[in-house]
Each structure stands twice: as C-alpha cells, then as structure tokens.
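Using the hints, position chain V against chain L.
Chains as they are written, first to last, in our numbering: chain L, 53 to 203; chain V, 762 to 1265.
Because the hints were derived from the structure by calculation, they are not lab data.
Yeah, the Cβ is synthetic: ideal placement off N, Cα and C, and Gly gets one too.
Just so you know, not all the hints are guaranteed correct.
What the hints assert, rightly or not - Calculated pairs, DSS-like style, for lysine-lysine (alpha carbon to alpha carbon, straight line, at most 30 Å):
hint: 1; chain 1: V; residue 1: K1213; chain 2: V; residue 2: K1017
hint: 2; chain 1: V; residue 1: K1205; chain 2: V; residue 2: K1230
hint: 3; chain 1: V; residue 1: K1017; chain 2: V; residue 2: K834
hint: 4; chain 1: V; residue 1: K772; chain 2: V; residue 2: K849
hint: 5; chain 1: V; residue 1: K1088; chain 2: V; residue 2: K1223
hint: 6; chain 1: V; residue 1: K961; chain 2: V; residue 2: K1114
hint: 7; chain 1: V; residue 1: K1230; chain 2: V; residue 2: K1213
hint: 8; chain 1: V; residue 1: K1213; chain 2: V; residue 2: K772
hint: 9; chain 1: L; residue 1: K90; chain 2: V; residue 2: K881
hint: 10; chain 1: L; residue 1: K90; chain 2: V; residue 2: K834
hint: 11; chain 1: V; residue 1: K1223; chain 2: V; residue 2: K1017
hint: 12; chain 1: V; residue 1: K834; chain 2: V; residue 2: K849
hint: 13; chain 1: V; residue 1: K877; chain 2: L; residue 2: K90
hint: 14; chain 1: L; residue 1: K90; chain 2: V; residue 2: K849
hint: 15; chain 1: V; residue 1: K866; chain 2: L; residue 2: K90
Stated by the list, open to error - Footprint (simulated), chain L over chain V, 3 or more residues, beta carbon under 8 Å:
hint: 16; stretch: 837 to 851
hint: 17; stretch: 854 to 864
Given next are the chains, with one letter for each unit.
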Amino acid sequence: MTTLSRMRDLAQRLLDYEAFAGNASEPGESATLRVYEKLRQGLGEFAGVAGFQSLASRALALARTEAPSLNAVRVSTDGALQGLGEIEHQFDIDKVQAGEFPAGEGGIILIARLLGLLLIFLGEALTLSLLQITWPGAALDECSSENGRKA
Amino acid sequence: MSTQDRVTINKLSTGVPGLDEIVGGGLPEFSFNIIAGAPGSGKTTLAHQFVFANASTERPALYFTVLGESAIKMLRYQQQYTFFDPAKLAGAIRFINLSQVVLEKDLGAVLEEITKEVEKANPAVVVVDSFRTMVRKPQGDMDLQSFIQQLSLFLASWQATTFLIGEYAEDELRDNPIFTVADGLFWLRQTTERNSIVRKLQVIKLRGQDSVPGLHTFRITDAGVQAFSRTFGLTARKRNPPSDRRLSFGVPELNKMLDGGVREGDSVLVAGSSGTGKSVLATQFIAEGTRQGEPGIVAVFEERPEAYTERATSLGLDLETPQKEGKLTILYLRPLDLSVDETMQSILDAVQKISAKRLVIDSLAGFEMALSPGFRADFRESLYRMIFALTGIGVTILSTVEVDESFTEFPFSTYSISFLCDDILRLRYVSIDGQLRKIMVVIKMRGGNHAKDIREYEITSKGVVILGKRLTNYQSLISGIPEHSNRSRQKEQPSQDTGIEHKT
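Just chain L, with the same shape it has in the complex (with noise of 0.2 Å):
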C-alpha cells in the first residue's frame, strides 16, 4: 500500500470517526470540517497558526491535483478552510441527480494530503503520536497497530 493509499485511509477512518460523533452531537455539520479543524487546532498549538496555515496551503495546493472541485476552496490567514461546506453539498446534489459520484472526496484528499504533509515532515511514529491528542484510541488504531505501536 503506497503511502499516499495509506493516508487516504487514516482520513478516511478520522472522517468515519467523526461522522459517527458528530451525528450523535450535532447532525448535519460536515465531517471533513471537523477533521480539519481538530487538526488546525492541535497543529496549530505547536506549529502556530502560521505554520499551520501555510502547510494547510500545501495541502490544499496538492489536493487540487486530484480534484479540481477543490478551486474553490481556500486557507484563510488564520488556517480556517473557506468554501469547502458548499462544495461538499454540490456533491451531495450531484450524487443524487447521477447517483455515482463520492460525496465528500475533495475532503478526504484535502486530509489525507495534510497528513501525508505530516508524514513526510515528522514521520510517522510522531505524526501518530500527535494525532493521538486529538484522536484517542479507536480512529487510528488500525494505522497504530499496522505500525507496532497501540494507540
């Protein structure tokens, strides 16, 4: 598995992870913007909020890439994500008018390019670690144990 396939996997799982809460808490709010703001929240603790925004860019410049939906999208001085609740409910419209295209895709790439982003910096033992003040226990341990560490 490339390590990119990987990544999409883990924000696939943080993603599923905070569908599930965020239905039990508040329904209807997007899981991607959930993910990111965790992230924004507990990277930018140590990074600052310049360094998170400017990784978020990369991020967001990388995703693009795959899906060009995420044009309209942008990272604001503050690391805030702008735009991305729109096109997650144009998806959610096309998904129903042609009943085949994956809601939420541009999000699970923007995650899963950020922390890939992370991986590539820290590493994965540390990026794991960091992702574990936010993420306690069940929405990495699939990626922990694949690593030899338990979350």
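Just chain V now, with coordinates in the frame of chain L:
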C-alpha cells in the same frame, strides 16, 4: 540550623550524559535556568534532553516556542536523536507555539498565555525557546526584565523547573540584569580551531549546588549532547590511601630494581627512543597483571588490538584469554576529531567497566597525535587530571613516551610530563664495543627505594630480559657514548645491595 532542619532540594537528572556530574548531581528542582549561546551551539537539544528525561503524563512538560525556527522543522530534526521518544508527545510533552502572540501583542500577553497553559497543565518542566527573540521586538508596557521576573516568580510557585533559551554573545554576559534573576546559567560555546570544532560548556551560575567549575568539553552526536566533566566524574569518589603493595612488572630483575615492583596506584613513565622496548615492557606489565588476576586496560594508538595481541603472543604472553574472559580490554583510539576529555572518558569507561587495576597508555605521543589539533593544547592538563583521578582510586598507570635519542643529552620526556609521574624508567641505546646495546635505569621512584644501577637488557622471545649485573666497566653510560673505565679490569661490584637509593 541543623542539617535535618534544612529543606532538601531534589536533583533532577539533566538527561545529558556527563552533565549531572558537572552540575553537582542533577539540576535543582523548581530552579529557573537560562541556556545561552550562539546559534547552533546545542541549546535546544540540551533543553529537549532535559524535557524528555523528566516529563510524564502526570507532570508534563510545556515547551513554548516563540519566534525562531519552525516548530515542525524543529521536531523533524530533533526526532533524529535517540533520546527523542515520539510517544511522549501524546501526553507527556506539549509544544506550544506563541509566535502569533509575540507578533500581534506584547510581553504581557505572552506572560498571560504562558500562565494560562501552566495553570491548565500543572507542568513539571517549562521551556521557553527562544525568549531572546522577544527582546528584539519593540515592547509595550512590560519590559523583558519585568517579564522574566514575573515569569520566574510564577513558575517557581507552580513548582516547575524552567529553562529559558536565548542567543547571547560573550560580551552580553556582563551586567545583564536578566541573568541576575536566574538560578542557573549555562553557557554553550562553539569555536573553530584549525579544522576542528571545539564545543565547551560552562556553568556560570547554579544556586544551591556545588557545580564543577571551568569549561567542559561537550559533543553533539546522534544521542544528543554529551558532556565531559573536567573531573571525569570521579570527584565524588574517595581517594584511596597510599598503598604499600607492589605490583610485579613480570621482569624479575626489574622488580628488584624497583624494590619489589611498582607501588600500587603509581603513575609510571617508561621513556625511550624507538625500538628500545617500551611497548614490550608495557605488555609484560599488563600481562603480569592479568596473570595475577588484576584486570587491565591497554589504550593503543599506533597499532590495532589484533596486532598488539599477536605481538604479545610472539613474546610468550597470552593476552587473548584474558580478553575473552573480560579481564583485559585493548582500546584502539584513533579519534582524530575527538576532544582529549572525550578520549579520556573512553579510557575511564573501560577502566570502570572491568574494574581495571592496571592501565597502559601506549603511547603518549600517539595519544596526542590522535587528538583533534584544537585539543592538543589541553593535552597535558587533561592527562594530569585523568592520571590524578585514576591513581586516586588505586589504578596503576604505565605510560610510554618516545624521546629523541640524543648522544649528548639524557631527556626524560619531550612532553614535559614527568612531573605527573611517580616513577620514571628510562630506556636508551648506548654504543659499546662496536654494538648498539640497550640500557635501563630507574630515574625516579616516589616514596620508595630504587636501584641506582644502570643495567643492560635485551629484547628476546621472552620480552625484556635484564642481563647480568650493573655495568661497572664504563663511564658516561647515559651519554650513549661511554668510555671504558679502569675498573673494567677489576672485579665487578655487587649490584642491588649497594645500588639502592632511598627517596621519600
């Protein structure tokens, strides 16, 4: 106030090998410390080692980064060190970036942010890296001195041991009010000497602790910072009382010349020119020790341990078995870029590992040449410290040194190190009857009797073998070009009985 009434200050491990010894056993708990030095001198690495050694999920460490290198890049590089445990970032260590607060607000806001996080996390360790960058920004109501003062008071009350990291030049040390507040001030220096980098650490100030004064060499390896105390970690150990026990050289006639052998705990110098048998004698000394159950270390610089062992075998001396049994270690030290203290630490580690009683350094010239050029100036001083430390705990040291063979002079050592030796044995060539022969003489033996005899010897398949009695047939033997004396036709004089000199 009696000792039992005084508060006990806990000492925390610095996590830096060698530094605990330098700071007097560990860093005082709740102390407020500054690590200063030029960029690249190892300040952040040293702080990280302390953090990783002391942080736990119960009492975590807060590592505040201000303006400076990117936190992601810092972690990218720091995780290369073996002390870096990524798992600790999941709860025991938190990195908090304050650059935005510094950029947008003033020192008061920075203090507020630190206060908030400390009250929330109850940390055992707090690091601000680098607080100096805050000074360069025009400040608001609070100046840096006031900021440091308040931070120090607050963190001490919250029972946190603190490090502030700052880039400072040497001339900024004087009259700096910030340093007054600190309990501990650690200065890291890095200089280039010829082709080598020389790193040194100084504990300029440390309240409540008896730290080792002076500049200590340190090195940054993949294990992080490693410091080498000027006292080699042996200050805490009691010096053994002088011993009267004599150690055999493995050369019976030489033992007689030394009034029974080398006194235990002495430092012996065997000086002679190339080919006079200094190494052979040293090998006999160490082999005799292992034969008598005394573990030994041989530090060689001019040949590899295998070759050294093989040469011993050719002299009928078994060095292989004691090596296998862990009673003998032959260290091959050709560090080239290592500091003298670092090299000596390798010897000390080996001595302590097998509780060695005998140490051979073969040779001092090779030792000095193996050092980085920048450290050669410290050689004699460091050698003195090591010999003093080791002989103090009862290790007997034999060093060989090559001296220029002069046929007009009789130098003991070209290194002027004879002052740090208790006993000096001089080997030299003499021209006698158309042959280049060898003679030896005991020049000095502190606290004991020794023969005044000049004895001829040969190197045979059994090692150094002393021939006959003292040479009485020649005048000016030590010049190397003796003359036949009239006594050559007289009966030879007895050797040992009249040749003993008593010195105290």
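- Which of the listed hints are not met by the structure? 3, 8
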